[in-house]
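Protein chains in written order, with the numbering used here: chain A, 599 to 773; chain B, 7 to 63; chain C, 1046 to 1096; chain D, 113 to 643.
Computed cross-link-like contacts, DSS-like style, restricted to lysine-lysine with a CA-CA straight-line distance of at most 30 Å:
#, chain 1, residue 1, chain 2, residue 2
1, D, Lys-159, D, Lys-389
2, A, Lys-642, C, Lys-1091
3, A, Lys-606, D, Lys-305
4, B, Lys-54, A, Lys-642
5, A, Lys-642, A, Lys-703
Computed Cβ-Cβ distance ranges for the label pairs, DEER-style:
#, chain 1, residue 1, chain 2, residue 2, range
6, A, Asp-716, D, Val-617, 39 to 45 Å
7, B, Val-47, D, Ala-253, 45 to 51 Å
8, D, Gly-334, B, Ala-57, 37 to 43 Å
9, C, Ala-1092, D, Asn-191, 39 to 45 Å
10, D, Phe-466, C, Ala-1088, 54 to 60 Å
11, A, Ala-605, D, Pro-548, 41 to 47 Å
12, A, Thr-745, D, Gly-258, 41 to 47 Å
13, D, Glu-587, B, Ser-44, 30 to 36 Å
14, B, Val-47, D, Phe-466, 18 to 24 Å
15, D, Tyr-299, C, Pro-1053, 21 to 27 Å
16, D, Ile-610, A, Leu-625, 38 to 44 Å
17, C, Leu-1070, D, Asp-304, 23 to 29 Å
18, B, Tyr-48, A, Gly-621, 19 to 25 Å
19, A, Asp-659, C, Lys-1091, 14 to 20 Å
The set of hints was computed from the structure by calculation and includes no laboratory data. Just so it is clear, CB atoms sit at the ideal spot from N, CA and C, and this is done for glycine as well.
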Amino acid sequence: MSIESPAKNWLHAPTGTERAWIGLALLWCIVLTLAMPYWHFKGKQNSTGEAYTVEPTRFADRVQQFVDSNKVGEVNGTPIAEPPPGGDAYLQAQMWRFYPVLQFKKGQTYRLHISSLDIQHGFAVLPINMNFQVLPGYDHVLTITPTMAGEFPILCNEFCGIGHHQMTGRIIVTE
Amino acid sequence: MTKEEKSGDLIEKESEHRGDGLHHAPGTFTLTLILLVSFVVYYFANWKALADVWHVR
Amino acid sequence: MSESNDPPVHWLERMLDNTWLLLALGVLIPAISYTLWGLLELANLKAATLP
Amino acid sequence: MTTLDPTVEGALPETEAAGRGNHPPGTFRVCATTGLTVDLAAEKFIKINAVFAVVFLLLGGIAALLLALTRWSAVHLLNAEWYYRMTTFHGLNMLILWILFMEIGILYFAATALLKSRLASVKAGWAGFACMAVGAIMLDAVILAGKADVMMTSYVPLRAHPTFYLAIILVAVGTLIGVINFLATVYIAKRDKTYSGSVPLVVFGAITAAIIAVSTLLHGAGIMIPTFLWSIDVIDHVDPAAYRLVWWGLGHQSQQVNVAAMVSVWYLLGTLTVGAKVLNQGVSRTAFLLYILFINLASAHHLLVDPGVSAGWKIWNTSYAMYLAVLASMIHGYTVPAAVEVALRKQGHTKGLFGWLGAAPWKNPGFSGFFLSLLIFGFIGGITGVTLGTEQINIIAHNTLRIPGHFHATVVGGTSLAFMALAYYVVPLIFRREFPLRWMCRAQPYVFAAGIVLMSLGMSFAGSYGVSRRSWDVEASGALHPVSYDPSVHVWLGVLGIGGSLAFVGLLMFVVPTVLAVFFGKRVEAKMPAW
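Bound conformation, chain A alone:
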């Protein structure tokens, strides 16, 4: 009974199907345990959390400098900035927009810096569905390689006030 005290010396090794199940479950847990380090070294998608502390105002200045020197166009009133392949890109999140629109080349790797000027935000790339957290005071660096061309909406996926669902942006990936 689960509601009565067992007498002393109740510890016994499992037997029968119970033993078999625990063995199988343990085996599966070992597979699970090995999967993450395996992907860390061999996989292409990892969240290593590379980050630096940063003053929001300094970050905003850097974003503006990035936009000024890399602007290639404008969409819906937002500048489009294209960093050189292998270079640094800056994206600023704030209530309730992403700034600027980024333009990448397919297959090139960029160091994408994301931070927030006010409160916490999310960074979701649609429709491929990649998601990261954006915090004020932290420069979150994603070393990212777009593998397909097209226009990708970005969306805030962390609640950030009444206009949260309208906080969108865009990444353009050219061939």
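Chain A is fixed; fit chains B, C and D onto it per the hints.
Leaving out everything else, chains B, C and D in the frame of chain A:
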């Protein structure tokens, strides 16, 4: 550990002998195997989906 | 607890019966592995150079 | 289908009449059905905690219906302001208030009735309850007043009215007092030798929940106190990354309290409904030990795509130090149904692999609720949880609807349903009132489970297209840069809405008979009527 069981089947006898442990639950074992298979399928399907997105570090 | 003529109780069983030891472990392990380690990493972040 | 008459008589052994524990005369009664000694003070606390729990369940449930009808894009009921307000309200009422009040009741029951002990301190019981109740009422009031639209997580520097943080601190302190009162009762029971040998397994599970709760509440104090001070401008900065780290020590660890409490309730209901025995005490307890040692590391699941914490920290903690807590759940997932199977086979239901399952007392809501909870928790909640909580896979899941799709299967389909199933025994045994509308009670677990499963699937599939959780308008209409999804997203959001509405019907089918039973039910004079 004293137990008096109405049913005198062999497994129960043997389990008394060994203290705890030996029991006969093939239905549950089958259920848990189904769980494990679903788990494996779902887990690897997600790795597959992950492998399709942009590269990131 | 157990009388002298009882068979010795397995260490794991004694551990499972020791609520206070379990309480200490249950609080310490996550405090060290999750909380302290995590906070240390956050505290040691470098300032951004913003190249 | 043969219905096993789950009269508790026969399913339970005659408890020795001698053991009266350490109760002073006149402070206890002997339960006519189970033979357990019920401490009258503890009984009072179990009752008021259960009543408060059900009130918050109903409030959270009403919010749930409004939310489901808003996410269902064809209906889109609430405006944005009230949608976000209700999300905050729903999360806190369900995840914190309904569950914590229930859990304190369960802890008091386990320590007193199952250990034949008096409650360590009646004063502490009142103090804890008062803190919790006052905190809970303040919390709901400040949210409904529109002063705390910050979600349950209240991530800084998003700011709520100071009352919000103070209310959470009060609830946490009250709960901590309750947990300490429980541990003190376990202590005096051992000191007074009210039981011999080890504590019963259900009590061990309750101890597990209590230990996890201590860790949870310490993290809660560690973050909510500075945040409260920040909200009244005593300190000027709370670091957002550190807040997330420590807050999830409260937010996720509290869900591990639920897991431990739910598994204990499974064991308890296995015994109460079909007379299941623990097959191997060592196995079941070692599994609980793995929870105590490792399950709390899982809070790292929330920080997998965060800046700041390293891959090493993420991988180690995400794996709960090696998936040992997952192993524990997989063990319970076997031992609980296996105990039911062995008990039913012994009662003569030996046909084939699943003859026992067909012969189980499916008309007893205590059984059907418990078994459905087990299935939903394992097959949907567990599998999705471990997968989404994998460091890299989290990239395609973080903050999408897949996350609530997962935790509604664990916390609602699992924990809440198990607690509802438990209520079908608590009301006749502790309140000593008969349930009216018994047909409704019998159907309730099925309706509720079906609703939750549908809703959870709807959320999971919509989320896999990238639909964000906590977003009022999936189409982001009026946004500067338009967003569009695969059109099937709206089908899945419809499934979410229908499932959520069905689950709400299931919730009412629980609340209405329970309230009628508690306040107007026929008195149970001797034994509890069989389900």
